[in-house]
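Asks: Protein chains in written order, with the working numbering: chain B, 43 to 638; chain Y, 698 to 868.
Think of the hints as simulated: they come from the structure by calculation, not from any bench. C-beta atoms are modelled at their ideal positions from N, C-alpha and C, and glycine is treated no differently. Do not take every clue at face value.
Said to hold, decoys possible - If the Cβ cut is set under 8 Å, some of the chain Y residues that face chain B in the computed set are:
| # | residue |
| --- | --- |
| 1 | D715 |
| 2 | P718 |
| 3 | G719 |
| 4 | A722 |
| 5 | G726 |
| 6 | G730 |
| 7 | D764 |
| 8 | Q765 |
| 9 | A768 |
| 10 | Q769 |
| 11 | E771 |
| 12 | I774 |
| 13 | P775 |
| 14 | C777 |
To be verified - Covered by chain Y, per the in silico footprint, the following chain B stretches (three or more residues, Cβ under 8 Å):
| # | stretch |
| --- | --- |
| 15 | 164–176 |
| 16 | 353–361 |
| 17 | 364–374 |
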Amino acid sequence: MSGTERNGDTATLSGAEILIRALTDQGVEVIFGYPGGAVLPIYDALFAQNSIRHILVRQEGGAVHAAEGYARATGKPGVVLVTSGPGATNAVTGLTDAMMDSIPIVCLTGQVASHLIGNDAFQEADTIGITRPCTKHNYLVQDTDEMGRIVHEAFYVATNGRPGPVVIDLPKDICVNQGRYEKPDLANLRHKTYRPPTVGKAESVAAAVEMMARAKRPIFYTGGGLINSGPEACARLQELVRLTGFPITNTLMGLGAYPASDERFLGMLGMHGTYEANNAMHDCDVMICLGARFDDRITGRLDAFSPSSKKIHVDVDPSSINKNIRVDLPIIGDVGRVLEQMLACWKDGGYTPDEAALRDWWTTIQKWRSRDCLAFTQGPDIIKPQYAVQRLYELTKDLDTYITTEVGQHQMWAAQFYKFEKPNRWMTSGGLGTMGYGLPAAVGVQIAHPNSLVVDISGEASFMMNVQELSTAMQYKLPLKIFILNNRWMGMVRQWQQLMHGSRFSETYSEALPDFVKLAECFGATGMVIEQPSELDASIRKMLDTDGLVIADVRVAQEENCFPMVPSGAAHNEMILGDDGAAERPKVTGEGMALV
Amino acid sequence: MSELSKIAPKHTIAVLVDNEPGVLARVVGLFSGRGYNIESLTVAEVDAGRDRSRINIVTSGNEMIIDQIRAQLERLIPVCRVVDLTEDGPSVERELALVKVVAQGENRIEALRVADIFRARAVDSTLNSFVFEVTGDSGKINAFIDLMQPLGLAEISRTGVVAIARGADAM
Ligand SMILES: Cc1ncc(C[n+]2csc(CCOP(=O)(O)OP(=O)(O)O)c2C)c(N)n1
Ligand SMILES: [Mg+2]
Numbered sequence: 043m044s045g046t047e048r049n050g051d052t053a054t055l056s057g058a059e060i061l062i063r064a065l066t067d068q069g070v071e072v073i074f075g076y077p078g079g080a081v082l083p084i085y086d087a088l089f090a091q092n093s094i095r096h097i098l099v100r101q102e103g104g105a106v107h108a109a110e111g112y113a114r115a116t117g118k119p120g121v122v123l124v125t126s127g128p129g130a131t132n133a134v135t136g137l138t139d140a141m142m143d144s145i146p147i148v149c150l151t152g153q154v155a156s157h158l159i160g161n162d163a164f165q166e167a168d169t170i171g172i173t174r175p176c177t178k179h180n181y182l183v184q185d186t187d188e189m190g191r192i193v194h195e196a197f198y199v200a201t202n203g204r205p206g207p208v209v210i211d212l213p214k215d216i217c218v219n220q221g222r223y224e225k226p227d228l229a230n231l232r233h234k235t236y237r238p239p240t241v242g243k244a245e246s247v248a249a250a251v252e253m254m255a256r257a258k259r260p261i262f263y264t265g266g267g268l269i270n271s272g273p274e275a276c277a278r279l280q281e282l283v284r285l286t287g288f289p290i291t292n293t294l295m296g297l298g299a300y301p302a303s304d305e306r307f308l309g310m311l312g313m314h315g316t317y318e319a320n321n322a323m324h325d326c327d328v329m330i331c332l333g334a335r336f337d338d339r340i341t342g343r344l345d346a347f348s349p350s351s352k353k354i355h356v357d358v359d360p361s362s363i364n365k366n367i368r369v370d371l372p373i374i375g376d377v378g379r380v381l382e383q384m385l386a387c388w389k390d391g392g393y394t395p396d397e398a399a400l401r402d403w404w405t406t407i408q409k410w411r412s413r414d415c416l417a418f419t420q421g422p423d424i425i426k427p428q429y430a431v432q433r434l435y436e437l438t439k440d441l442d443t444y445i446t447t448e449v450g451q452h453q454m455w456a457a458q459f460y461k462f463e464k465p466n467r468w469m470t471s472g473g474l475g476t477m478g479y480g481l482p483a484a485v486g487v488q489i490a491h492p493n494s495l496v497v498d499i500s501g502e503a504s505f506m507m508n509v510q511e512l513s514t515a516m517q518y519k520l521p522l523k524i525f526i527l528n529n530r531w532m533g534m535v536r537q538w539q540q541l542m543h544g545s546r547f548s549e550t551y552s553e554a555l556p557d558f559v560k561l562a563e564c565f566g567a568t569g570m571v572i573e574q575p576s577e578l579d580a581s582i583r584k585m586l587d588t589d590g591l592v593i594a595d596v597r598v599a600q601e602e603n604c605f606p607m608v609p610s611g612a613a614h615n616e617m618i619l620g621d622d623g624a625a626e627r628p629k630v631t632g633e634g635m636a637l638v
Numbered sequence: 698m699s700e701l702s703k704i705a706p707k708h709t710i711a712v713l714v715d716n717e718p719g720v721l722a723r724v725v726g727l728f729s730g731r732g733y734n735i736e737s738l739t740v741a742e743v744d745a746g747r748d749r750s751r752i753n754i755v756t757s758g759n760e761m762i763i764d765q766i767r768a769q770l771e772r773l774i775p776v777c778r779v780v781d782l783t784e785d786g787p788s789v790e791r792e793l794a795l796v797k798v799v800a801q802g803e804n805r806i807e808a809l810r811v812a813d814i815f816r817a818r819a820v821d822s823t824l825n826s827f828v829f830e831v832t833g834d835s836g837k838i839n840a841f842i843d844l845m846q847p848l849g850l851a852e853i854s855r856t857g858v859v860a861i862a863r864g865a866d867a868m
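So that you can see chain B by itself, here it is in the shape it has in the complex:
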């Protein structure tokens, strides 16, 4: 890193003190962590200061998810501190999760003293080796004088370009030894070699705008890159959609980048996306992919993916281009900057969309829309999970609400039925699909936004995966609302078993569930059971009105399946819908059976 400012402040400090200074200089306010032998010097340095708040989790995996929730709800990097060996290995799932979803995390791991590394010392793990494939980058600090530089570089790498998790492995002696630290000129920090792309090539932007203006059946397909790029990027997207009048769909990661209530929004696309979004993707002639990556949950069968479209792909990561789908016009750059360029180019060039063609396109889309693919029938006796999310949405939409989820059917229903109007309000584990994400993520969100409403839309099986974090939430008096869609099944797996494995429900029943009310009470929280459709609204209101943490055990229809569904190995236009009878016997090819 260059740009060091000489300010004379070069007295020697312990490595741990340098670490805390550097974190403070980075503006870090919160660390999610768990102590242990190798990080004792760091905890000692934390004890001696007041600028950084430490949130004590109950398992290190929870710390990383909490930091992810914090990062996604604030746009700032999340910071984690764990001990060596088991502390570091417990963090691996969260790091992988952050890697897949491009979440900026700086994870500090303790390490045994330098001279013991490689000796199978007590609580030694090859953290650098283990985390190499699941981090954007990692560092082993080998010299206390290097501590400050590495910390600042780690934040730079985690937050610039395509964000991701960065690990700094800290041998205990390095934290104890004395070294020097100078605060660098942070605004002008640059990496020695790493140069993340910023603006797109002007010719490419012009070519893209040209294609857009001539398009007859265009669609915007936008992803988590928009959220990562920031609220201005999302505002620019809205402006571009308004100027062009094109339809838009979001990925699971991109929900909130565009207001869901807007007419032009077709809902989420992909495996559990809407009929209109997937059909529009399949039939479009110009696809404008912004900050999304043609993930297999999105494309379905590759050789049948949107066969007749020209594809524009804007991404900050060149390796996302042409990875799964060959595109016609790649633009490498930060999506917010490229949108700015596109807007300028569209306006300055006096471009207008092909109104007549667009009218026809919208007529076709309205036909798909009228299929009402998310329709469900709520009877008088049993709460449908869709209905539960719909009512939760209606009763919380005017509040300052953040939603996290676990993984499974409830997650997809949340994505389908909870309408996000703004970015940074929706935290879900997209790429890795990590059960147990939602509760610790909610902890992180609530720490960042203490006065907001934070709801974890949960499944009874996922909830059990990081249930220990209830204790964290109680320690910090976080008034989380945990809304469990309890179907007594690992519902998403049960659904696949029903549809693809002849209803042989192998090991997917949620046996021996705890009494969630008593569970809540034993942690000092409030529990409630919601069983009747007629009492749902009143119960949700009661949950919202109750001070402190509430676990709502919502008993929902056990056998409900999540539709629409593009079965693995199928194309977008081979979607199964919930009510057309074909739902119970999808055509899954031999190849599809081998896909996840």
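Fit chain Y with the ligands to the given chain B structure using the hints.
Replies: Chain Y with the ligands only, in chain B's frame:
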């Protein structure tokens, strides 16, 4: 070697990296983690002043895979530059092999004769063995080894390919 590599064209990729600990593990891990093929790999420091090493990798794959390999390599933080020497115009490729041949009588004489034709040097010799040093492109080395096979080929040590672009432009 995977099924793929038999049909997919070979590419020689040069990677300039910051010579920091673990950088080779990152590059190799990327190949194994993403299922790319490594046919040969060489690495050595090439710029002590700037602390840079060069890795030459021979790999194979269709166009989309080779583009991915390149983009994925560029994504590694300590990687400064990636050049696909096969794609970006003519280049020179060399490999060095040390080849041990154990032979007596007529075979021993024939081995020397073949070595002469290939401009291989005997760098070690006993009464019943030679170690030949041979350099050239991989094809030449393969041909040399094939010829030594019936003459008493005992052991081979190859460097793998080092390569550089022709012309005045430097990486
Ligand atoms: C850590 C982890 N293990 C296993 C899975 C596979 N898996 C995906 S969804 C699911 C079931 C989730 O059940 P539940 O939380 O009750 O949600 P539901 O689908 O019933 O809404 C499982 C086991 C996973 N995604 N993550
Ligand atoms: Mg369930």
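Asks: Each hint should be assessed against the structure and marked as holding or not.
Replies: Now the hints, each set against the structure:
1. The beta carbon of D715 of chain Y is positioned within 8 Å of a beta carbon in chain B (closest approach about 6 Å), and the interface hint is therefore held.
2. For P718 of chain Y, the interface hint holds, since its Cβ comes within 8 Å of a Cβ in chain B; the closest pair sits about 7 Å apart.
3. Restraint check, G719 of chain Y versus chain B: the minimum CB separation of about 6 Å is within 8 Å; hint holds.
4. The beta carbon of A722 of chain Y is positioned within 8 Å of a beta carbon in chain B (closest approach about 7 Å), and the interface hint is therefore held.
5. Because the smallest distance between the Cβ of G726 of chain Y and any Cβ of chain B comes to about 6 Å, under 8 Å, the interface hint for this residue holds.
6. Checking G730 of chain Y against chain B: minimum C-beta separation of about 5 Å stays under 8 Å; hint holds.
7. Taking 8 Å as the C-beta contact cut-off toward chain B, the hint placing D764 of chain Y at the interface holds, the least distance being around 6 Å.
8. The beta carbon of Q765 of chain Y is positioned within 8 Å of a beta carbon in chain B (closest approach about 6 Å), and the interface hint is therefore held.
9. Hint on A768 of chain Y holds. Least Cβ distance to chain B is approximately 4 Å, under the 8 Å limit.
10. Using the Cβ-Cβ criterion of 8 Å, the hint placing Q769 of chain Y at the interface with chain B is satisfied: the shortest such distance is roughly 5 Å.
11. Taking 8 Å as the C-beta cut-off, the interface hint given for E771 of chain Y holds, the closest approach to chain B being about 6 Å.
12. Evaluation of the I774 of chain Y hint against chain B yields a held restraint, the C-beta minimum of about 4 Å falling below 8 Å.
13. For the restraint placing P775 of chain Y at the interface with chain B, the shortest Cβ-Cβ distance is roughly 7 Å, inside the 8 Å limit, so the hint holds.
14. Given hint, C777 of chain Y at the interface with chain B, holds; its Cβ is 5 Å from that chain's nearest Cβ, closer than 8 Å.
15. By the rule of at least three residues with a Cβ nearer than 8 Å to a Cβ of chain Y, the coverage given for the stretch 164–176 of chain B holds, with 4 such residues.
16. Figure legend: the stretch 353–361 of chain B, annotated as covered by chain Y; annotation consistent (3 residues with Cβ-Cβ distances under 8 Å, at least 3 required).
17. Three residues within the 8 Å Cβ limit are the bar, and the stretch 364–374 of chain B against chain Y gives 3, so the coverage statement holds.
The structure is consistent with each of the numbered hints, conforming to all of them.
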